Amino acid sequence: MEKIIEILFNGLSMGAIYALMALGFVLIFKSTGVINFAQGELAMVGAFICYSFATMMNVPYIYAFFIALIGGIILGAVVYQVFFRTMVGEPLFSTIMVTVGLASILTCLAGLIWGHDVYSLNSPFTDKVIHLDKITFAQGSISTIIVSVVLFVIVILFFNRSLLGISMRGSAEDPDTAGLMGINVKKIHMVAWALGGLVAAVAGMFLAEQSFVRLSMSHVGIKAMAAAILGGMESISGAILGGIIIGVVEGLAANYLSGMELGNFHMGDIKDVAAFVIMIIVLMIRPYGIFGKEKVERV
Amino acid sequence: MANFKISYREDTALFQNLWVKSWLGIFIAAMIVLPFLLSRYQLSILNGMGIAVIGALGLNLLIGYTGQISLGHGAFVAIGAYTTGLLAGTLGVPFIVALPVSGTTAALLSLIVGVPSLRLKGLYLALGTLAFGFIIEYVLFHWDLTRGDTGMAVPKIGAGGFFIETELQFFYLIMFFAALATLVAKNLARTKIGRSFVAIRDRDIAAEAMGISLSKYKIMAFAVSAFYAGVAGCLLAYYQKWIVPGNFDISLSIAYIAMIVLGGMGTILGSILGAILITGIPYGIVYLTDALRGTYPNLSGLIVDLKLGIFGLVIVLTLLFEPQGLVGIYRRIKVYWKTWPFKY
Amino acid sequence: MRSKLWGWSVLLAVVLFLSVNSAWAATVRGVTDKEIKLACLVDLSGPGKYGGPPIADAFRDYVAWVNDTGGINGRKINLVVEDNGILPTTTMNAAKKVILKDEVLAIAFNLGSAGSSAIVPLCAENKVVLMPHGANKVFYHPGNKWVFVPHTVQFSMASRAVEYVLGKNAKARIGVIYQDDDFGREGLEGASAAAAFLKTKLVAQAPYKTGTIDFTPHMNAMKEANVDTIMLWTYLPQSAAIIKQKVKMGWDVQLISNNTTGVPPLFALTGEAADGYMFVTPYAPVNTDLPGIKRIKEINKKYGNAAKTLENPAYPDYLYLAGWGYIEAMAQGLRKAGKDLNPETLVKGLESVRNFDMGGLCPNITFGPKQHVSSFSSLILKADGKTKRFVIVDSIKAPKTPQE
Numbered sequence: 001m002e003k004i005i006e007i008l009f010n011g012l013s014m015g016a017i018y019a020l021m022a023l024g025f026v027l028i029f030k031s032t033g034v035i036n037f038a039q040g041e042l043a044m045v046g047a048f049i050c051y052s053f054a055t056m057m058n059v060p061y062i063y064a065f066f067i068a069l070i071g072g073i074i075l076g077a078v079v080y081q082v083f084f085r086t087m088v089g090e091p092l093f094s095t096i097m098v099t100v101g102l103a104s105i106l107t108c109l110a111g112l113i114w115g116h117d118v119y120s121l122n123s124p125f126t127d128k129v130i131h132l133d134k135i136t137f138a139q140g141s142i143s144t145i146i147v148s149v150v151l152f153v154i155v156i157l158f159f160n161r162s163l164l165g166i167s168m169r170g171s172a173e174d175p176d177t178a179g180l181m182g183i184n185v186k187k188i189h190m191v192a193w194a195l196g197g198l199v200a201a202v203a204g205m206f207l208a209e210q211s212f213v214r215l216s217m218s219h220v221g222i223k224a225m226a227a228a229i230l231g232g233m234e235s236i237s238g239a240i241l242g243g244i245i246i247g248v249v250e251g252l253a254a255n256y257l258s259g260m261e262l263g264n265f266h267m268g269d270i271k272d273v274a275a276f277v278i279m280i281i282v283l284m285i286r287p288y289g290i291f292g293k294e295k296v297e298r299v
Numbered sequence: 001m002a003n004f005k006i007s008y009r010e011d012t013a014l015f016q017n018l019w020v021k022s023w024l025g026i027f028i029a030a031m032i033v034l035p036f037l038l039s040r041y042q043l044s045i046l047n048g049m050g051i052a053v054i055g056a057l058g059l060n061l062l063i064g065y066t067g068q069i070s071l072g073h074g075a076f077v078a079i080g081a082y083t084t085g086l087l088a089g090t091l092g093v094p095f096i097v098a099l100p101v102s103g104t105t106a107a108l109l110s111l112i113v114g115v116p117s118l119r120l121k122g123l124y125l126a127l128g129t130l131a132f133g134f135i136i137e138y139v140l141f142h143w144d145l146t147r148g149d150t151g152m153a154v155p156k157i158g159a160g161g162f163f164i165e166t167e168l169q170f171f172y173l174i175m176f177f178a179a180l181a182t183l184v185a186k187n188l189a190r191t192k193i194g195r196s197f198v199a200i201r202d203r204d205i206a207a208e209a210m211g212i213s214l215s216k217y218k219i220m221a222f223a224v225s226a227f228y229a230g231v232a233g234c235l236l237a238y239y240q241k242w243i244v245p246g247n248f249d250i251s252l253s254i255a256y257i258a259m260i261v262l263g264g265m266g267t268i269l270g271s272i273l274g275a276i277l278i279t280g281i282p283y284g285i286v287y288l289t290d291a292l293r294g295t296y297p298n299l300s301g302l303i304v305d306l307k308l309g310i311f312g313l314v315i316v317l318t319l320l321f322e323p324q325g326l327v328g329i330y331r332r333i334k335v336y337w338k339t340w341p342f343k344y
Numbered sequence: 001m002r003s004k005l006w007g008w009s010v011l012l013a014v015v016l017f018l019s020v021n022s023a024w025a026a027t028v029r030g031v032t033d034k035e036i037k038l039a040c041l042v043d044l045s046g047p048g049k050y051g052g053p054p055i056a057d058a059f060r061d062y063v064a065w066v067n068d069t070g071g072i073n074g075r076k077i078n079l080v081v082e083d084n085g086i087l088p089t090t091t092m093n094a095a096k097k098v099i100l101k102d103e104v105l106a107i108a109f110n111l112g113s114a115g116s117s118a119i120v121p122l123c124a125e126n127k128v129v130l131m132p133h134g135a136n137k138v139f140y141h142p143g144n145k146w147v148f149v150p151h152t153v154q155f156s157m158a159s160r161a162v163e164y165v166l167g168k169n170a171k172a173r174i175g176v177i178y179q180d181d182d183f184g185r186e187g188l189e190g191a192s193a194a195a196a197f198l199k200t201k202l203v204a205q206a207p208y209k210t211g212t213i214d215f216t217p218h219m220n221a222m223k224e225a226n227v228d229t230i231m232l233w234t235y236l237p238q239s240a241a242i243i244k245q246k247v248k249m250g251w252d253v254q255l256i257s258n259n260t261t262g263v264p265p266l267f268a269l270t271g272e273a274a275d276g277y278m279f280v281t282p283y284a285p286v287n288t289d290l291p292g293i294k295r296i297k298e299i300n301k302k303y304g305n306a307a308k309t310l311e312n313p314a315y316p317d318y319l320y321l322a323g324w325g326y327i328e329a330m331a332q333g334l335r336k337a338g339k340d341l342n343p344e345t346l347v348k349g350l351e352s353v354r355n356f357d358m359g360g361l362c363p364n365i366t367f368g369p370k371q372h373v374s375s376f377s378s379l380i381l382k383a384d385g386k387t388k389r390f391v392i393v394d395s396i397k398a399p400k401t402p403q404e
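Residue numbers (the working numbering), protein chains in the order written: chain A, 1 to 299; chain B, 1 to 344; chain C, 1 to 404.
The shape of chain A in the complex, shown without the other chains (with noise of 0.2 Å):
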């Protein structure tokens, strides 16, 4: 019984993380119709902002912490500008080459400036637990859980009540037509641009946190897209939902399946697969993900 609060706990707080970048893929693709391939090195810079204010100047966490996500939003907007204005328009594949190529410059930039080795990031919960009866909870865990859960009311309420927000709705719906009623679309696509850098700098600092600083931790970018995906890549609930959802089967296929012998198949560490294979099955039941609608298409 310990152990399955345990692991689902656990599942929870790496499925927070997940759910946040899976955030950012549907705050940009919804609004901007761009596949952000990029999104996990958004968060890996985001932490190396935090990392270099809070360990290397010494810092107050909380300040770095602020520090690095208008570092994310600057960096998303940045990247909007110089990468994507012109883009509008392009081909789906031209977008997400365009991203991918954007992933490799932003890995070569940060290695050049940060290094290619392994930091620690010290915050005021790093290695601190409590014990409930015979239950260890991470301290970073539970904060992990507790911003993100308030960072996902946030983004709802913007999105349900201030006029920016629904204006990002409108013109997701239809450019066009979002134009035409006074809306400026590419300053939309640029805020849409700056949140999705933001969420993903906070994902970024909470998974240094759980673990450490590093160039290659951007490969938790194309596991949150498989949330994204199941969730429906369309809906701001489904990428949370499909975070959590991955997060926890994770766990539990680390705790009950990794280490398995079947025949002459090493069944070994199948964490990350498990991930992919939830996916697929999800979308053999639900070709648009969870939550994501068919759409009605015009011959």
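Keep in mind that the hints are not guaranteed to be accurate.
To be verified - EDC-like, lysine to aspartate or glutamate: derived pairs with alpha carbons at most 20 Å apart:
{"#": "1", "chain 1": "A", "residue 1": "Lys128", "chain 2": "C", "residue 2": "Asp102"}
{"#": "2", "chain 1": "B", "residue 1": "Lys121", "chain 2": "A", "residue 2": "Glu90"}
{"#": "3", "chain 1": "C", "residue 1": "Lys199", "chain 2": "C", "residue 2": "Glu189"}
{"#": "4", "chain 1": "A", "residue 1": "Lys3", "chain 2": "C", "residue 2": "Glu224"}
{"#": "5", "chain 1": "C", "residue 1": "Lys297", "chain 2": "C", "residue 2": "Glu311"}
No lab work stands behind these hints, which were simulated from the structure alone.
Note that the structure is a prediction, hence the values are computed from the model and not measured.
Based on the hints, put chains B and C in the right spot on chain A.
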């Protein structure tokens, strides 16, 4: 040069006019003579490009012609390579058998993604195929038959006293198959099948309404593309003589997509140009660093540092300034010369 | 149509003609009267960049020293350092470049086991001696004429670790957390072999995939099995994550790992929690005054950039020593090969290296016609959290478990 077409047959002809035919003749002659002028290293670069051309053609038939996105092309190359490894390496099957069987195996396994593609569209299909790629890589790593990341040996092509083993011999072999693959792809594109592919890409519902069987042609597109990938994998396995799962990770799938996007989607020439460019970039960097090493050692070190970024930058810049890919540049130059000195 | 057929038949004829008439170069690749060309393939870009530069440093320092003191049998070494970018495909490209373009005599170092496996056929075909630093058993067992491993492999180190633990406490309950690839699995095999040899068993094992950051399940499995020692066949980030997890769980369990994790950043990542962390390695720590270490420090000071390398406390010195062991082994082979140097005599030369004294830096080097691995021995070090240094707890010894 005026280029009028009087009949439909002329419009769909494989080689449109004398001009094209004579250029083709010169090209073939150059390909036969060229290897004698090049070093073994340069030949090895061309061999890598030749194999990439085959894979890129297959992917372009799927993505560029049929509009079905696949991020798992590397997995089919892996299936082809490992089929060859198991058949030739373990069972001693000769090349002439291993090659078609590798292609066929890849085509059969493509049903795993081909059938779901009837339900999945766009991005969902893209991520589904990506997941397929990861699962194949996982299986290669964990199955005793495929021997994990130690990999497996692939024997030489040939029998009796005659073996294909030098770069030069591989050059002719690979170029033969690359040319064959190009011809088949070009032929396929101008037949009913090719036109059905394009119709599905442009509007699948409309295509269905016109009587094109979506399920048949979508599955066929996946199978043909996987067959190409399987053949490329088979040649790669024989050429490298040793295969490990790491040869076929997601970066291979991405490289293939980069080839067709940069080359030009939905064109045969684009696949070839893209394959040459993407395969060539790392070698370009090698030649550049070697040239600078003597005079500017620091600069050459910096280029190695920036290697990954250079690759990304080439992709991004090409797409920002020429979203249609290399074929777009080629077309513009052609139009410019055709209409010169007039602007239009 | 007819013209096309004609074209293909010409092509076929040319192919047939060429396959019969294959020319062979008369000179020896990479060797002149004045110079020997050697390659060192390490990561200078990509995810493994951390490991490449220190190895290249050792190669450059050694070559500068050897060339300055007269070279090898009158020939100077011309070193080609090339980036292999860790992946099998990029390693293949790098190997082709140094063999076909630069035309080196031998590849004295190649980092990465999958990449090394991938280039063995290429090296054998072109008669290039290859020294892989994947350090897996597969490179000498069953073995290949052209492949030499001047390094104690993972299998032997894992056996040594288990024998050491069981030697201290015959009833120790040992669990293994290992990376889910050939590197990790070979560690597991070595450990299992040693346990079986000493008539006991490993009580738990948990694989993880490269890039894993959450070790809760693995550590829970260990705790459930009630182990008192965990053997880690991991790399640095995972070892550090496991140490952190150990602290989180408030569990005082002994950890023993392999040489790749015994680097100064371990302390930066885990602080004093690293105290007591043990690992098996073929290389002595640089802060000792063994004769072999003293010698390389002098050479490093004279020919290298000592302030940035061996005298820098954050420098991953075991990689420097690894590079040193490789080039020293290669140089000794070249010396033994004599004046008439070609790939065949180099193999003979290497195979005649017997008990070459490394002064305690690493086990002495012995090769033979049937033995292409330099040694099975290794030493055991322990992390001292206060001084942030590694100290020797058990000197160079070979495992008793059969290694073939």
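Going down the list of hints, with the structure as the test:
1. Lys128/A - Asp102/C: Roughly 55 Å separates the two Cα atoms, so the pair is violated.
2. Lys121/B - Glu90/A: Judged against 20 Å, a Cα distance of about 18 Å means the pair holds.
3. Lys199/C - Glu189/C: 15 Å, holds
4. Lys3/A - Glu224/C: It holds: about 10 Å lies between the C-alpha atoms, which stays within 20 Å.
5. Lys297/C - Glu311/C: Distance ~9 Å between Lys297/C and Glu311/C Cα, so the pair holds.
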